[in-house]
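Colleague: Chains as they are written, first to last, in my numbering: chain A, 2 to 425; chain B, 2 to 425.
Heads up, a few of these hints could be off.
No distinction is drawn between identical chains; accordingly, a pair holds when it is met within one copy or between any pair of copies.
As the list claims (entries may be wrong) - Here are the simulated DSS-like cross-link-like pairs (lysine-lysine), alpha carbons at most 25 Å apart as the crow flies:
| hint | residue 1 | residue 2 |
| --- | --- | --- |
| 1 | K153 | K259 |
| 2 | K153 | K38 |
| 3 | K46 | K125 |
| 4 | K153 | K122 |
| 5 | K122 | K259 |
| 6 | K153 | K330 |
| 7 | K289 | K122 |
| 8 | K122 | K330 |
| 9 | K259 | K289 |
| 10 | K46 | K122 |
| 11 | K38 | K125 |
| 12 | K289 | K125 |
| 13 | K330 | K125 |
| 14 | K153 | K125 |
| 15 | K38 | K122 |
| 16 | K259 | K125 |
| 17 | K46 | K330 |
Treat the hints as calculated values from the structure; they're not laboratory data.
There are 2 protein chains.
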Amino acid sequence: APVRGVAGLAAAAWRWLLSLAAAARDRAVGFGRMAWKIGADDPRKLAHGFKMALALTLCSVFYYVQPLYAFTGHNAMWAVLTVVVVFEYTVGGCLYKGLNRAMATLTGGALALGVQWVASKSGKEFEPFILSGSLFVFASAATYSRFMPTMKARFDYGVTIFILTYTLVAVGGYRADEVAFMAQHRLTTIAIGATICFAVCALIFPVWAGQQLHDQVARNMDKLAAAVEGCVEDFFFSEAGAVLSERSLGYRAVLNAKASEDSLANLARWEPAHGAFRFRHPYPLYQKIGNAMRCCAYCVDALAAAAAGSGPQSHAKKHLAGACAALSKHCAAALREASGSVATMTRSGRLALVVGDMNAAAEELRDELTCLAALLEDDDVDVDSPDAADLPEPPPPLIEVLPLFTAASLLLEICARAEGVVAA
Amino acid sequence: APVRGVAGLAAAAWRWLLSLAAAARDRAVGFGRMAWKIGADDPRKLAHGFKMALALTLCSVFYYVQPLYAFTGHNAMWAVLTVVVVFEYTVGGCLYKGLNRAMATLTGGALALGVQWVASKSGKEFEPFILSGSLFVFASAATYSRFMPTMKARFDYGVTIFILTYTLVAVGGYRADEVAFMAQHRLTTIAIGATICFAVCALIFPVWAGQQLHDQVARNMDKLAAAVEGCVEDFFFSEAGAVLSERSLGYRAVLNAKASEDSLANLARWEPAHGAFRFRHPYPLYQKIGNAMRCCAYCVDALAAAAAGSGPQSHAKKHLAGACAALSKHCAAALREASGSVATMTRSGRLALVVGDMNAAAEELRDELTCLAALLEDDDVDVDSPDAADLPEPPPPLIEVLPLFTAASLLLEICARAEGVVAA
Numbered sequence: 002a003p004v005r006g007v008a009g010l011a012a013a014a015w016r017w018l019l020s021l022a023a024a025a026r027d028r029a030v031g032f033g034r035m036a037w038k039i040g041a042d043d044p045r046k047l048a049h050g051f052k053m054a055l056a057l058t059l060c061s062v063f064y065y066v067q068p069l070y071a072f073t074g075h076n077a078m079w080a081v082l083t084v085v086v087v088f089e090y091t092v093g094g095c096l097y098k099g100l101n102r103a104m105a106t107l108t109g110g111a112l113a114l115g116v117q118w119v120a121s122k123s124g125k126e127f128e129p130f131i132l133s134g135s136l137f138v139f140a141s142a143a144t145y146s147r148f149m150p151t152m153k154a155r156f157d158y159g160v161t162i163f164i165l166t167y168t169l170v171a172v173g174g175y176r177a178d179e180v181a182f183m184a185q186h187r188l189t190t191i192a193i194g195a196t197i198c199f200a201v202c203a204l205i206f207p208v209w210a211g212q213q214l215h216d217q218v219a220r221n222m223d224k225l226a227a228a229v230e231g232c233v234e235d236f237f238f239s240e241a242g243a244v245l246s247e248r249s250l251g252y253r254a255v256l257n258a259k260a261s262e263d264s265l266a267n268l269a270r271w272e273p274a275h276g277a278f279r280f281r282h283p284y285p286l287y288q289k290i291g292n293a294m295r296c297c298a299y300c301v302d303a304l305a306a307a308a309a310g311s312g313p314q315s316h317a318k319k320h321l322a323g324a325c326a327a328l329s330k331h332c333a334a335a336l337r338e339a340s341g342s343v344a345t346m347t348r349s350g351r352l353a354l355v356v357g358d359m360n361a362a363a364e365e366l367r368d369e370l371t372c373l374a375a376l377l378e379d380d381d382v383d384v385d386s387p388d389a390a391d392l393p394e395p396p397p398p399l400i401e402v403l404p405l406f407t408a409a410s411l412l413l414e415i416c417a418r419a420e421g422v423v424a425a
Numbered sequence: 002a003p004v005r006g007v008a009g010l011a012a013a014a015w016r017w018l019l020s021l022a023a024a025a026r027d028r029a030v031g032f033g034r035m036a037w038k039i040g041a042d043d044p045r046k047l048a049h050g051f052k053m054a055l056a057l058t059l060c061s062v063f064y065y066v067q068p069l070y071a072f073t074g075h076n077a078m079w080a081v082l083t084v085v086v087v088f089e090y091t092v093g094g095c096l097y098k099g100l101n102r103a104m105a106t107l108t109g110g111a112l113a114l115g116v117q118w119v120a121s122k123s124g125k126e127f128e129p130f131i132l133s134g135s136l137f138v139f140a141s142a143a144t145y146s147r148f149m150p151t152m153k154a155r156f157d158y159g160v161t162i163f164i165l166t167y168t169l170v171a172v173g174g175y176r177a178d179e180v181a182f183m184a185q186h187r188l189t190t191i192a193i194g195a196t197i198c199f200a201v202c203a204l205i206f207p208v209w210a211g212q213q214l215h216d217q218v219a220r221n222m223d224k225l226a227a228a229v230e231g232c233v234e235d236f237f238f239s240e241a242g243a244v245l246s247e248r249s250l251g252y253r254a255v256l257n258a259k260a261s262e263d264s265l266a267n268l269a270r271w272e273p274a275h276g277a278f279r280f281r282h283p284y285p286l287y288q289k290i291g292n293a294m295r296c297c298a299y300c301v302d303a304l305a306a307a308a309a310g311s312g313p314q315s316h317a318k319k320h321l322a323g324a325c326a327a328l329s330k331h332c333a334a335a336l337r338e339a340s341g342s343v344a345t346m347t348r349s350g351r352l353a354l355v356v357g358d359m360n361a362a363a364e365e366l367r368d369e370l371t372c373l374a375a376l377l378e379d380d381d382v383d384v385d386s387p388d389a390a391d392l393p394e395p396p397p398p399l400i401e402v403l404p405l406f407t408a409a410s411l412l413l414e415i416c417a418r419a420e421g422v423v424a425a
């Protein structure tokens, strides 16, 4: 019996080990599949990994090759540090960090050297107190300034580096003798690191934040157009209780795009002219368009909720289906036209035409509404009981469409205004 | 005449200088006022600036005091670097960065030492190639892994530090002889810096990300409740064309809170138990509640749009005013009750009662609707011409309120579920 007990225990342990290994394997497989999917969706992300590695390897050459090492010495560390910290996915991100770092290092270093000179004139006893005091003042002021929205958006990273440089130079200089010499050496290596960064980032498969932003806004506008059409179709032509189609839910991408749009617009600001984007390309307009699209998407959300809970086919619903479908078609067409004109950065002459069509369709829907109201009154006499419960039902579609239409036309207005500036 | 010309020029230059100085002064005053306002709104932000400065000054003591400097030597730089980079506004942010840094430094350093040992066994010629090759592989893999959502949310900073440490140790070790000794010294100073950070961050006026998140969610829920009430009031009881009141627009705060909620929930995960928050406090639930609130806010947005464009007082509008106002009151009460029970982290027994009231009010509104429909038919006979244009008008309020009500009840359901877990 004890032998059997031990064998059973061993078997249990073995099974446990096997299940553990299987779980680990499943996890690894899931991880690998996710990694593969990300790379397959956007090969530029894979390229980004290799670019980062390339930049670092280039830096490491400074250690291995004797004449280069003789020039940089142990300071080559700063080049590596710069590459790791500055290298970003988009060119704009890389430039933002690089320029911030350069400016902050220079101002922080210069300020620290100045304060140190003053401190050294005032005698050895007071020096630590003056240095610490100035450090306290500058560090708290700089940290506090990060809470201001404009500073946060443009110079957040710079402030960190400013504090870092100031502290290292002002405090570290207390012990080192040739601060200026050391600072000059470090600046050289940082410049080398930053140059490698920019070169690799901008020359090998560059990813421009401006281009990303542009594509994203145009794509989201198309999704919104599809969602408007899809929701109305789902509402009128699918059976009750059917789930919303994939494309009706595309508007959700618009709702969640705010954070990424804002950060891309912030980074794009730092990019030099590239392709169709000139130096002072009006990136904030994209944010405006994005906000207008979100306003519109809120209404689409309300419409989608109505579509998801839409009742069975009723007399009144059929009556309005034609006009609503036409309006949604025209609205989607206008959105697509606007998205096309954003994508090609031209002012489309057809846009005004399409918007006119949409307004005409809306007019028609309003007429249908008035007509329906009159109809219901007549109708009610002969089919009173089955339609009585139905009566409060029909209005939702049209009423839901109306604010949607308002938002869409608002969006189109803003788009039209935006193009005036975007168009060359 | 030339004298007058020169005098005129000088006067123009003087005026120009004056206007420049005035502009600079205005800018500085504006900047100062903004700085003052931020500090007055939230004194903890001001305290944060001083805390950062204090932590840095404590670090600088290592340079000034001889026995301490003898212990750390030039490596005190790493303590400063750690403080600057790790110190964050919330305790969670500080711990997130600190723990990430510690883990990444240890794993990166250990891995690098291992690879270096292998490389040193394979002869002096191959060493640079093995080291560079491993650097290339690890750096690209690590950079690529940052694109995965879970890695991005939890270990983004750690990956950066991992690459940095690996590079410095693997490559820098090629030239230095006592890598292990150096690594140990650096780790000690980094640990000193991190300890100073945590101590200052968590002991002096700590700002907990969990508490922030908790307050923000409860506050936004109150704002949402006020907005629901405000919009309905604006719709029914203000004159046509009047601007929406301040409190009706409170829902916008809810719409824009997604990014901050997500980051706070991410940081709160790292915080130890504090106050009413235990170690595994269900922070993701706050995100769920936030999302439900946003769903609700979309509907409020549609309602607000309707309120902003509401027509003149009409017969039908007055008819429904009472029921709508009652529903909005009950809905707001339910939201407030839910916010209260989130704020106190208890399951409120009254919540079910209030939700019941709300549902009753919604039932009543539906009855009123049916009643109105019948009424309109009778009504239409005697006041035909003035009410004809009015007919498609009245539905908006109630129809708008219905999805709002749906969303609100959805929200309440989720709240009720959330409390089951949140409540002790």
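Colleague: Take the hints in turn and mark each one as holding or not.
Modeller: Going down the list of hints, with the structure as the test:
no.: 1; hint: K153 to K259; verdict: both (17 Å within a copy, 18 Å between copies)
no.: 2; hint: K153 to K38; verdict: between (34 Å within a copy, 16 Å between copies)
no.: 3; hint: K46 to K125; verdict: neither (54 Å within a copy, 35 Å between copies)
no.: 4; hint: K153 to K122; verdict: neither (36 Å within a copy, 49 Å between copies)
no.: 5; hint: K122 to K259; verdict: neither (53 Å within a copy, 53 Å between copies)
no.: 6; hint: K153 to K330; verdict: neither (43 Å within a copy, 40 Å between copies)
no.: 7; hint: K289 to K122; verdict: neither (54 Å within a copy, 61 Å between copies)
no.: 8; hint: K122 to K330; verdict: neither (78 Å within a copy, 71 Å between copies)
no.: 9; hint: K259 to K289; verdict: both (11 Å within a copy, 19 Å between copies)
no.: 10; hint: K46 to K122; verdict: neither (54 Å within a copy, 35 Å between copies)
no.: 11; hint: K38 to K125; verdict: neither (63 Å within a copy, 40 Å between copies)
no.: 12; hint: K289 to K125; verdict: neither (57 Å within a copy, 59 Å between copies)
no.: 13; hint: K330 to K125; verdict: neither (80 Å within a copy, 71 Å between copies)
no.: 14; hint: K153 to K125; verdict: neither (38 Å within a copy, 48 Å between copies)
no.: 15; hint: K38 to K122; verdict: neither (63 Å within a copy, 38 Å between copies)
no.: 16; hint: K259 to K125; verdict: neither (55 Å within a copy, 53 Å between copies)
no.: 17; hint: K46 to K330; verdict: neither (36 Å within a copy, 51 Å between copies)
Checked against the numbered hints above, the structure violates hints 3, 4, 5, 6, 7, 8, 10, 11, 12, 13, 14, 15, 16, 17; every other hint is satisfied.
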